[in-house]
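Please build the complete structure, drawing on both the sequences and the hints.
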Amino acid sequence: MTKETSPKDRKLRHAEYYGMTEIFDKIYSKSLKGDNFKNLMQIIISDNNIVLAYRNIKRNHGSVTRGEDGVTIKDIENLNRNEFVEIVRKRFAHYNPRKVRRVEIPKYNGKLRPLGIPSIWDRIAQQCILQVLEPICEDCSVAMRKIARELRPSFEIRLREQGISKEGQYGKYEGYKPYLRSGQIRYIRGFPILPVGYIQHRHPMCKKRNINKYTEEGREAIHKKQQTVEEWKISWLCSNPVLSKRATIEFADNRISKFIAQKGRCAVTGEELILSEMHCHHIIPYHESKSDSYENLVIVTEEVHRVIHATQSETIEELLKYLKLNPKQKEKLNELRLKVGNEEIS
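Position 16 of the sequence shown, counted from 1, bears residue number 15 in numbering that gives the first Met the number 0, the numbering being contiguous throughout.
Check each hint, because a few of them may be wrong.
Unchecked claim - Below, simulated DSS-like cross-link-like pairs (lysine-lysine); rule was C-alpha separation at most 30 Å, straight line:
no., residue 1, residue 2
1, K89, K37
2, K73, K257
3, K73, K37
4, K10, K244
5, K289, K329
6, K57, K244
7, K232, K327
8, K212, K244
9, K262, K57
10, K320, K338
11, K57, K212
Simulated from the structure, these hints should not be mistaken for lab results.
Given below as structure tokens:
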């Protein structure tokens, strides 16, 4: 029996993490009423909106592609969280886009087409603006989609009449190439006969009118709200990042994800974490791995964290008496101790 999964929209989930959902909903509501917007820059350069932009852009395939300045998301993720936010804010104070790196990529017909790769800093700045403008433009976008559906058939007919179709654009019979992988292919006088069983299709479906990312009712069909951890706890984590020179923007972001993944409980004992006393531990020490990745982090209680790094037998015994770990919990603890280079506890 397959497990039923709840619908989830990645960007909506990220907005939940950083408490921006209600703000975007209010902007959309004002847009529907036809209100004029002032002081949007206050929202654009807010801490949570900037960090949300980082979250949305960091896993894009293009984020590891170097722009003209040679910087990628891998360079930015090592910056301190507060330093990162200040850099983005300063760019907005007097914004001048950096040069766009021009490259040529191959087309279907063997020719090349130009592609512009902007600086990663420009992409983050653009994402900050996009996140705030999207709810304003959403209502207009719905109307434009309706117009587009009505106009598309006539445009397609005109393109076919002018020969700008898949066959005309890429050369004779190039449109059949995707089907040539099939072992069922047959030819008549060198002309391929397409196997009906290989043709993939789906029924055309219009977007449901009730779907909307910026209303409670509209989100229900595409996204289920995060209920694993109370909202106030996530808000506390966002408002209270780890204050350390080594606490990077990547560490702060993954700390929230890991807390929710662990359902707000210690990875070793399973007890509910006290926010002011928990520790986000590097499984492989940072001085060895130089990694703040999600996979290299685990959240534990203060006492468990002390046991992981403890080397003196008296300290270990004292903490074990307090924790009263069962065999399974002790096994998890020993796994973490071995990763940091300490001996197992018998």
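* Violations among the numbered hints, reported as their numbers in ascending order -> 3 and 8
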